[in-house]
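Using the sequences provided together with the hints, build the complete structure.
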Amino acid sequence: MSALVFVEIDEKEVKKSSLEAVSYGKSLGGDVLAICFGDLTASGIEKIGKAGANKLIQVKEEKLAVPNIMAYSTAIAETFDQNGCDTLVLAKSSLGDPVSARVAIKVGASVVPNVSGLPEGSGEMVVDRSIYTGKAVAKTLVKGAKKVLTIKKNTVPILEDGSAPEVVDFKPTLKDEDFKVKVTKTEKATGEVLLPEADIVVSGGRGMGGPEKWSMLEDLAKVLGAATGCSKPVSDMNWRPHHEHVGQTGIKVSPSLYIAVGISGAIQHLAGVNSSKYILVINKDPEAPFFKAADFGIVGDAFDIVPKLTEAIKAKKD
Amino acid sequence: MKILVCITHVPDTTSKISFTDNNTKFDKNGVQFIIGPYDDYALARAVELKEQHSGTVTALNVGEAETEPTLRKALAIGADDAIRVNAFPSDAFFVATQIAKVAKEGNYDLIMMGRESIDFNGGIVHSLVGEMLALPSISPVMSLDIENGLAKMTREIEGGKEFLEVALPFVAGCQEPIAEWKIPNMRGIMASRTKPLEVVEPEKVEDGTSVKSFELPPPKGDVKIFESDKIDELVDELINKAKVI
Numbered sequence: 099m100s101a102l103v104f105v106e107i108d109e110k111e112v113k114k115s116s117l118e119a120v121s122y123g124k125s126l127g128g129d130v131l132a133i134c135f136g137d138l139t140a141s142g143i144e145k146i147g148k149a150g151a152n153k154l155i156q157v158k159e160e161k162l163a164v165p166n167i168m169a170y171s172t173a174i175a176e177t178f179d180q181n182g183c184d185t186l187v188l189a190k191s192s193l194g195d196p197v198s199a200r201v202a203i204k205v206g207a208s209v210v211p212n213v214s215g216l217p218e219g220s221g222e223m224v225v226d227r228s229i230y231t232g233k234a235v236a237k238t239l240v241k242g243a244k245k246v247l248t249i250k251k252n253t254v255p256i257l258e259d260g261s262a263p264e265v266v267d268f269k270p271t272l273k274d275e276d277f278k279v280k281v282t283k284t285e286k287a288t289g290e291v292l293l294p295e296a297d298i299v300v301s302g303g304r305g306m307g308g309p310e311k312w313s314m315l316e317d318l319a320k321v322l323g324a325a326t327g328c329s330k331p332v333s334d335m336n337w338r339p340h341h342e343h344v345g346q347t348g349i350k351v352s353p354s355l356y357i358a359v360g361i362s363g364a365i366q367h368l369a370g371v372n373s374s375k376y377i378l379v380i381n382k383d384p385e386a387p388f389f390k391a392a393d394f395g396i397v398g399d400a401f402d403i404v405p406k407l408t409e410a411i412k413a414k415k416d
Numbered sequence: 008m009k010i011l012v013c014i015t016h017v018p019d020t021t022s023k024i025s026f027t028d029n030n031t032k033f034d035k036n037g038v039q040f041i042i043g044p045y046d047d048y049a050l051a052r053a054v055e056l057k058e059q060h061s062g063t064v065t066a067l068n069v070g071e072a073e074t075e076p077t078l079r080k081a082l083a084i085g086a087d088d089a090i091r092v093n094a095f096p097s098d099a100f101f102v103a104t105q106i107a108k109v110a111k112e113g114n115y116d117l118i119m120m121g122r123e124s125i126d127f128n129g130g131i132v133h134s135l136v137g138e139m140l141a142l143p144s145i146s147p148v149m150s151l152d153i154e155n156g157l158a159k160m161t162r163e164i165e166g167g168k169e170f171l172e173v174a175l176p177f178v179a180g181c182q183e184p185i186a187e188w189k190i191p192n193m194r195g196i197m198a199s200r201t202k203p204l205e206v207v208e209p210e211k212v213e214d215g216t217s218v219k220s221f222e223l224p225p226p227k228g229d230v231k232i233f234e235s236d237k238i239d240e241l242v243d244e245l246i247n248k249a250k251v252i
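Line by line, the protein sequences give chains Y and B. Each residue of the first sequence is one higher than the last, beginning at 99 in the working numbering. Each residue of the second sequence is one higher than the last, beginning at 8 in the working numbering.
Worth flagging that the hints you see were computed from the coordinates, not collected in a lab. These numbers come from a predicted model, not from an experiment. The hints are all genuine.
Listed next, the in silico PhoX-like pairs over lysine-lysine satisfying Cα-Cα at most 20 Å (straight line):
hint : chain 1 : residue 1 : chain 2 : residue 2
1    : B       : Lys202    : B       : Lys57
2    : B       : Lys219    : Y       : Lys241
3    : B       : Lys231    : Y       : Lys375
4    : Y       : Lys244    : Y       : Lys204
5    : B       : Lys227    : Y       : Lys375
6    : Y       : Lys233    : Y       : Lys375
7    : B       : Lys250    : Y       : Lys375
8    : Y       : Lys161    : Y       : Lys283
9    : Y       : Lys320    : B       : Lys250
10   : B       : Lys9      : B       : Lys159
11   : Y       : Lys278    : B       : Lys159
12   : Y       : Lys280    : B       : Lys159
13   : B       : Lys248    : B       : Lys231
14   : Y       : Lys158    : Y       : Lys110
15   : B       : Lys227    : Y       : Lys390
16   : Y       : Lys148    : Y       : Lys114
17   : Y       : Lys390    : B       : Lys231
18   : Y       : Lys382    : B       : Lys231
19   : Y       : Lys414    : B       : Lys248
20   : Y       : Lys204    : B       : Lys111
21   : B       : Lys159    : Y       : Lys283
22   : B       : Lys250    : Y       : Lys412
23   : B       : Lys250    : Y       : Lys415
24   : Y       : Lys286    : Y       : Lys114
The following residues of chain B were derived to be distant from chain Y, with all beta-carbon distances above 10 Å:
hint : residue
25   : Glu71
26   : Ala72
27   : Arg79
Beta carbons are placed, not taken as given, at the ideal position from N, Cα and C, and that holds for glycine.
As structure tokens, then:
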């Protein structure tokens with residue numbers, strides 16, 4: 099038995115969600131091969147080994163420096179077949195999702211997105227799959243000898259007891275058709291914690307009053323190493339960019355802690371956060387529906403509470 | 008330009024989710040079904056593109072007879088005709104196979120759908136269809152313009168967006184703000200009743216997955232409220248008990 103894990107690299111560092119995927123692969127019980135595209139720091143390679151990979155296959159082609167869904171899929175399918183793998187594991191992402199589907203067709207595998215648990219029992223594979231935006235789970239039977247699983251964030255902890263992986267270079271056989279889509283430009287926030295990757299999310303709603311009030315949330319996010327998010331009205335009013343919109347039609351997050359400030363908690367917003375481990379709600383309205391979905395709450399003025407909370411955390415962490 | 012828009016027939020976003028038959032079936036009791044919100048964006052943009060470039064929009068659903076009112080709504084919004092593949096949409100691979108077959112036979116220039124369905128949230132059908140037809144697939148698309156057979160798009164990625172160019176044909180999984188949802192007007196509703204809706208039988212394929220049972224997450228415990236002058240206690244709880252910061 100051997101699992102192949104697609105590891106995503108961001109600015110030469112391995113993405114945390116990909117390390118979770120490596121550890122998921124390891125827990126399947128067989129060998130774990132990881133494949134990545136582009137340069138990676140030495141500490142990144144070490145982390146991949148610790149998380150459970152025996153071997154790291156590196157593709158260093160210049161023309162694959164910008165993520166290319168079709169070419170990556172071709173390369174991953176080739177690796178999967180060459181190494182006789184039976185399972186491909188990926189982290190759910192804007193790259194992982196399309197690659198999972200394309201590789202599944204190329205290698206003739208069954209594909210399950212949004213996997214939220216390890217396989218149960220032995221014999222046939224049954225995994226939990228998150229559905230209805232986290233409001234339910236489908237116990238899903240994965241048929242056939244070859245499988246592709248896309249893992250939701252925070253499904254498994256990252257292992258840290260593995261040893262250094264064997265590193266090999268790989269030159270995939272690419273086709274012209276793999277380069278049909280041209281990425282002409284990429285706009286990306288730099289130096290910030292990415293929302294879908296974040297362990298803690300600090301989110302603001304209409305109750306914040308205006309985009310100029312966000313520095314207060316950014317300060318809190320900074321002491322926590324958190325990402326910032328927002329509700330749909332906030333991104334609709336262009337107070338914040340769309341890629342920060344958390345909810346049914348935005349980003350679904352599953353952090354360890356979700357802090358909601360001035361968000362009433364409409365059902366469409368809750369759909370994006372209900373996989374969070376803990377939810378802290380700060381709202382001046384004690385009747386705000388969000389409190390019913392929260393673990394912790396403070397009723398009061400955000401402009402008074404948030405700076406105090408930031409200071410209190412800073413004091414305890416120092 | 009021939010556009011195929013694939014729509015899902017899904018429970019309204021505010022529906023209470025529960026299951027029957029020993030947790031093996033979704034409980035439709037009292038649930039209102041709608042066009043998937045993301046598919047609604049795809050449909051709205053498809054109708055706009057048709058107006059700009061002339062052509063046709065075909066709405067497609069893989070589903071049983073009960074989904075026809077949803078397809079009629081797509082016709083009322085502006086699709087010219089509709090196709091229903093008469094089958095229960097058992098898994099993404101099965102649905103993608105049906106879409107790929109219709110798309111191939113109809114020789115469409117553009118295949119659009121939502122980024123994901125809001126019931127199973129897989130978000131892979133567009134990529135499966137793309138791979139089955141050896142076409143590019145792009146998702147989630149936030150803007151889409153077409154000039155001389157070349158599509159220019161923005162795609163949302165973690166923390167930002169990509170600007171992309173691809174020649175037709177291809178598959179697009181759409182999301183806001185690609186277009187504003189269109190609300191059918193009376194003329195559209197009247198016209199939808201007589202627009203063609205073709206029912207075709209599915210291609211027989213083995214699905215790759217099946218649901219053994221459904222489960223609801225355990226109920227949430229009560230919220231622990233801290234007084235606004237007891238922020239230290241909250242921080243202590245987060246650090247020492249919840250161990251999340």
